[in-house]
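For chain A, the structure is supplied; the task is to place chain E on it using the hints.
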Amino acid sequence: MPISRLLQPVPLVGGLVFLGLALVPVIAGLLGEPYYLSLVGRFLVYAIAASALNLILGYGGLVSLGHALFMGLGVYGVAIASHYGLDSGLLHLALGLAACALIGLLTGAVSLRTTGIGFIMITLAFSQMGYYLFVSLRAYGGDDGMPIVYTSRFGGLDLGNPASLYWVAFVLLVALTCWSARLRTSPFGMVLRGAARNAQRVEALGLPVFRYRLVGYVLSAMICGVAGLLLANLSAYASPSTLVWNVSGELIVMVVLGGMGTVFGPVLGAVLFLSLEELLKAYTDHWMAGLGLAITLMALLGHGGLVGLLSRLRPRPAAPVPVQMEGGQP
Amino acid sequence: MTNLVIAQLLNGLQYGVLLFLLAAGLTLVFGIMNFINLAHGALYMVGAYLAATVYNHTGHFLLALLAAVAGCVVLGAALERLTIARLYRRDHLDHVLATFGMVLLFNEVARMIWGSQPYFTSVPESLSGTVDILGISYPAYRFAIILIGLAVAVASYWLIHRTRLGMLIRAGSVNPAMVSALGVNIGLLNALLFALGAGLAGLAGAVVGPIVSVQSGMGDSVLITTLVVIVIGGIGSVRGAFYAALIVGVADTLGRIFLPLLLREVLSRQVADAAGPALASMFVYLLMAVVLAFRPQGLFPAKVG
Numbered sequence: 001m002p003i004s005r006l007l008q009p010v011p012l013v014g015g016l017v018f019l020g021l022a023l024v025p026v027i028a029g030l031l032g033e034p035y036y037l038s039l040v041g042r043f044l045v046y047a048i049a050a051s052a053l054n055l056i057l058g059y060g061g062l063v064s065l066g067h068a069l070f071m072g073l074g075v076y077g078v079a080i081a082s083h084y085g086l087d088s089g090l091l092h093l094a095l096g097l098a099a100c101a102l103i104g105l106l107t108g109a110v111s112l113r114t115t116g117i118g119f120i121m122i123t124l125a126f127s128q129m130g131y132y133l134f135v136s137l138r139a140y141g142g143d144d145g146m147p148i149v150y151t152s153r154f155g156g157l158d159l160g161n162p163a164s165l166y167w168v169a170f171v172l173l174v175a176l177t178c179w180s181a182r183l184r185t186s187p188f189g190m191v192l193r194g195a196a197r198n199a200q201r202v203e204a205l206g207l208p209v210f211r212y213r214l215v216g217y218v219l220s221a222m223i224c225g226v227a228g229l230l231l232a233n234l235s236a237y238a239s240p241s242t243l244v245w246n247v248s249g250e251l252i253v254m255v256v257l258g259g260m261g262t263v264f265g266p267v268l269g270a271v272l273f274l275s276l277e278e279l280l281k282a283y284t285d286h287w288m289a290g291l292g293l294a295i296t297l298m299a300l301l302g303h304g305g306l307v308g309l310l311s312r313l314r315p316r317p318a319a320p321v322p323v324q325m326e327g328g329q330p
Numbered sequence: 001m002t003n004l005v006i007a008q009l010l011n012g013l014q015y016g017v018l019l020f021l022l023a024a025g026l027t028l029v030f031g032i033m034n035f036i037n038l039a040h041g042a043l044y045m046v047g048a049y050l051a052a053t054v055y056n057h058t059g060h061f062l063l064a065l066l067a068a069v070a071g072c073v074v075l076g077a078a079l080e081r082l083t084i085a086r087l088y089r090r091d092h093l094d095h096v097l098a099t100f101g102m103v104l105l106f107n108e109v110a111r112m113i114w115g116s117q118p119y120f121t122s123v124p125e126s127l128s129g130t131v132d133i134l135g136i137s138y139p140a141y142r143f144a145i146i147l148i149g150l151a152v153a154v155a156s157y158w159l160i161h162r163t164r165l166g167m168l169i170r171a172g173s174v175n176p177a178m179v180s181a182l183g184v185n186i187g188l189l190n191a192l193l194f195a196l197g198a199g200l201a202g203l204a205g206a207v208v209g210p211i212v213s214v215q216s217g218m219g220d221s222v223l224i225t226t227l228v229v230i231v232i233g234g235i236g237s238v239r240g241a242f243y244a245a246l247i248v249g250v251a252d253t254l255g256r257i258f259l260p261l262l263l264r265e266v267l268s269r270q271v272a273d274a275a276g277p278a279l280a281s282m283f284v285y286l287l288m289a290v291v292l293a294f295r296p297q298g299l300f301p302a303k304v305g
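Going line by line, the protein sequences match chains A and E. FYI, in the working numbering the residues of the first sequence are 1 to 330. FYI, in the working numbering the residues of the second sequence are 1 to 305.
Next comes chain A alone, as it looks inside the complex:
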């Protein structure tokens, strides 16, 4: 019964959010406020990056505190090509994807040998290395970063135009979400998710967990690179601050806020987190304090994120069952 499934809270809210995102260019056009396009465009870009992180963090259960590295590689793929006057979008994309695949393969092969704290630390270390690399590359702007003059052109499509960028990002996000939903229940996704619960058992079934995780990590890195490419075109500027560790932290917050390992979670989380940020920014200069407090409280209060909250709203079909407190502390 597909209709009734679509009316469940999670797909319903997810669908409404996508509908709202699709209406943004129309509303921005009606209001004559093109600024909204780049504002919400940024939401879309981060939603793509958060969905990418969700592959490894949500499905794979591996806390990567270094995904800003791959966004940064995507950004600098555009910036460095633009520095030499090259505006071919395919070239920008190829550079970013190749860098993310190569660096993802190398760092993944090393970091996935560790788990738990070790994995968090080593991914953080690799992204710091990337940060310091770009800070010290004076030819490409160093600490200050550099403007991107030649934005990505795919034939007649110029991503430097906010409206084109918005629609490309929107279509990519929809495609990514559909793919991510299929991946979740595919054999590959099941191995990743199973290994997050109990890697030994999956290994005992004869499935090489390390290789599955490595493929997941590289895929996640490459999609983050695409988000980087979009971000570069959106802000027309490349700066090492994209690779700073706070960005990796924020991506994790988005995934957890929305709901780890769920399909819509990262999208909802990114939209909610960035809206909260914008709201606080409008209200006070010290918005970071409110944001920090909110993140700490979220971590203290518990799990499941927004999608978890929504799925608890689902009416139970069977006889009334007494509500049980889950994981409550005495």
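Don't read these hints as lab results, they were simulated from the structure. Quick caveat, the model's predicted, so the values are computed rather than measured. One should not assume that every hint holds.
To be verified - Calculated pairs, SDA-like style, for lysine to any residue (alpha carbon to alpha carbon, straight line, at most 25 angstroms):
#  : chain 1 : residue 1 : chain 2 : residue 2
1  : A       : Lys281    : E       : Met178
2  : A       : Lys281    : A       : Ala236
3  : A       : Lys281    : A       : Tyr36
4  : A       : Lys281    : E       : Arg295
5  : A       : Lys281    : A       : Met298
6  : A       : Lys281    : A       : Ser186
7  : A       : Lys281    : E       : Asp220
8  : A       : Lys281    : E       : Ile113
9  : A       : Lys281    : E       : Leu259
10 : A       : Lys281    : A       : Asn246
11 : A       : Lys281    : A       : Glu33
12 : A       : Lys281    : A       : Pro34
13 : A       : Lys281    : A       : Arg312
14 : A       : Lys281    : E       : Asn185
15 : A       : Lys281    : A       : Tyr237
16 : A       : Lys281    : A       : Met222
17 : A       : Lys281    : A       : Leu90
18 : A       : Lys281    : E       : Pro118
19 : A       : Lys281    : E       : Thr130
20 : A       : Lys281    : A       : Leu86
21 : A       : Lys281    : E       : Val109
22 : A       : Lys281    : E       : Glu265
23 : A       : Lys281    : A       : Leu293
24 : A       : Lys281    : A       : Ser311
25 : A       : Lys281    : E       : Asp91
26 : A       : Lys281    : E       : Met112
Below, chain E alone, put in the same frame as chain A:
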């Protein structure tokens, strides 16, 4: 050239003991409670601000150090009881999130109180001169930092190897469940360690205040270097933290000075000048990645058995 090497070695040593002050407390909380505390750098920042403020208002350096340490001990204990103690049983992701939120909060609160411009303070009069060691004259204040760091290292060695509390700490870092089963209140032990670690972080911030710019976010990059130290040294090992802090401190300092010079010998000047600083700043992270990949337990792990 020898003078330069000696001066840089001393600078590396000074950076190393500073990292040790930060790493000592963090590694124990890591080891016993398996807890990742990203907010440790924020305590270092708070210590720096407190000491700078007290020194600028009273002119007493020792009072400033004391205020920073006491303030951070109290703040650390409060943080531990209010939030962190509730997170020990959760997974690492919650640790990262909760303490990441704290980092943002503390950085912003510091900006609200002290403004976003760097806050300046000066080296105390009595330590503003230089001392002659190994044939070079070296700033007395930096030398004092080395002495303070070494004194803390000796004191923590004594605490850990010669006292009952130290025995519990050592036992706790090897097998916390067993220590708890033997009737030791391991939660309290960890709260104590956390507060102690916070105090040391505050001390580190306080002594470094006059030689760096005290500003919001100053703890972030130091924190990450401290995490590198802990991983290289072996999580839960104070001895490891000490050696690794010195290795990282000296390697980083010497690398920044000599790597570009060395590269000039083999590469063209232009390439060397571009690649040298990049390689130097990545060097300690590379070291950590190599250690994690080939010796995940660290170079000097806490002794088991």
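Structure-based check of each hint:
1. In summary, the hint linking Lys281 of chain A to Met178 of chain E is not supported, as the alpha carbons are separated by about 49 angstroms, beyond the 25 angstroms threshold.
2. About 22 angstroms separates the Cα atoms of Lys281 of chain A and Ala236 of chain A, which keeps this hinted pair within 25 angstroms; it holds.
3. A threshold of 25 angstroms between alpha carbons decides the hint, and for Lys281 of chain A with Tyr36 of chain A the separation of about 15 angstroms falls inside it, so the pair holds.
4. Between Lys281 of chain A and Arg295 of chain E the CA atoms are separated by roughly 45 angstroms; this puts the pair beyond 25 angstroms, and the hint is violated.
5. With a CA separation close to 20 angstroms, the supplied pair Lys281 of chain A and Met298 of chain A stays within the 25 angstroms bound.
6. A hinted pair counts as satisfied when its Cα atoms are at most 25 angstroms apart, and Lys281 of chain A with Ser186 of chain A does not qualify at roughly 41 angstroms.
7. For the hint linking Lys281 of chain A to Asp220 of chain E, the alpha-carbon distance of about 22 angstroms falls within 25 angstroms, and the restraint holds.
8. A hinted pair counts as satisfied when its Cα atoms are at most 25 angstroms apart, and Lys281 of chain A with Ile113 of chain E qualifies at roughly 18 angstroms.
9. Restraint check for Lys281 of chain A and Leu259 of chain E: not satisfied, since their Cα atoms lie roughly 43 angstroms apart, outside the 25 angstroms limit.
10. For a cut-off of 25 angstroms, the pair hint linking Lys281 of chain A to Asn246 of chain A stands: about 17 angstroms separates their Cα positions.
11. At roughly 19 angstroms between alpha-carbon atoms, Lys281 of chain A and Glu33 of chain A fall within 25 angstroms of each other, so this suggested pair holds.
12. Between the alpha carbons of Lys281 of chain A and Pro34 of chain A the distance comes to roughly 19 angstroms, so the proposed pair stays at or under 25 angstroms and holds.
13. As the CA atoms of Lys281 of chain A and Arg312 of chain A are separated by approximately 31 angstroms, the hinted pair breaks the 25 angstroms bound.
14. Only pairs whose Cα atoms come within 25 angstroms are accepted, and Lys281 of chain A paired with Asn185 of chain E is rejected, the gap being roughly 44 angstroms.
15. A distance of roughly 21 angstroms separates the Cα atoms of Lys281 of chain A and Tyr237 of chain A; the hinted pair therefore holds under the 25 angstroms criterion.
16. Simply put, Lys281 of chain A and Met222 of chain A have alpha-carbon atoms about 31 angstroms apart, too far for the 25 angstroms limit, and the pair is violated.
17. Between Lys281 of chain A and Leu90 of chain A the alpha-carbon distance is near 36 angstroms, which puts this suggested pair outside the 25 angstroms criterion.
18. For the suggested pair Lys281 of chain A and Pro118 of chain E, the alpha carbons sit about 23 angstroms apart, so the restraint of at most 25 angstroms is met.
19. For the given pair, Lys281 of chain A sits about 48 angstroms from Thr130 of chain E by alpha-carbon distance, which is inconsistent with the 25 angstroms threshold.
20. For the given pair, Lys281 of chain A sits about 36 angstroms from Leu86 of chain A by alpha-carbon distance, which is inconsistent with the 25 angstroms threshold.
21. Restraint check for Lys281 of chain A and Val109 of chain E: satisfied, since their Cα atoms lie roughly 15 angstroms apart, inside the 25 angstroms limit.
22. For the suggested pair Lys281 of chain A and Glu265 of chain E, the alpha carbons sit about 51 angstroms apart, so the restraint of at most 25 angstroms is broken.
23. A C-alpha spacing of about 15 angstroms is found between Lys281 of chain A and Leu293 of chain A, which places the hinted pair at or below 25 angstroms, so the restraint holds.
24. Distance check on the hinted pair: Lys281 of chain A and Ser311 of chain A sit about 31 angstroms apart at the alpha-carbon level, beyond 25 angstroms; violated.
25. Pair hint Lys281 of chain A plus Asp91 of chain E does not hold up; C-alpha atoms about 31 angstroms apart against a cutoff of 25 angstroms.
26. For the proposed pair Lys281 of chain A and Met112 of chain E, the alpha carbon gap of about 15 angstroms is at most 25 angstroms, so the pair holds.
Violated hints for the displayed structure, listed by number in ascending order: 1, 4, 6, 9, 13, 14, 16, 17, 19, 20, 22, 24 and 25.
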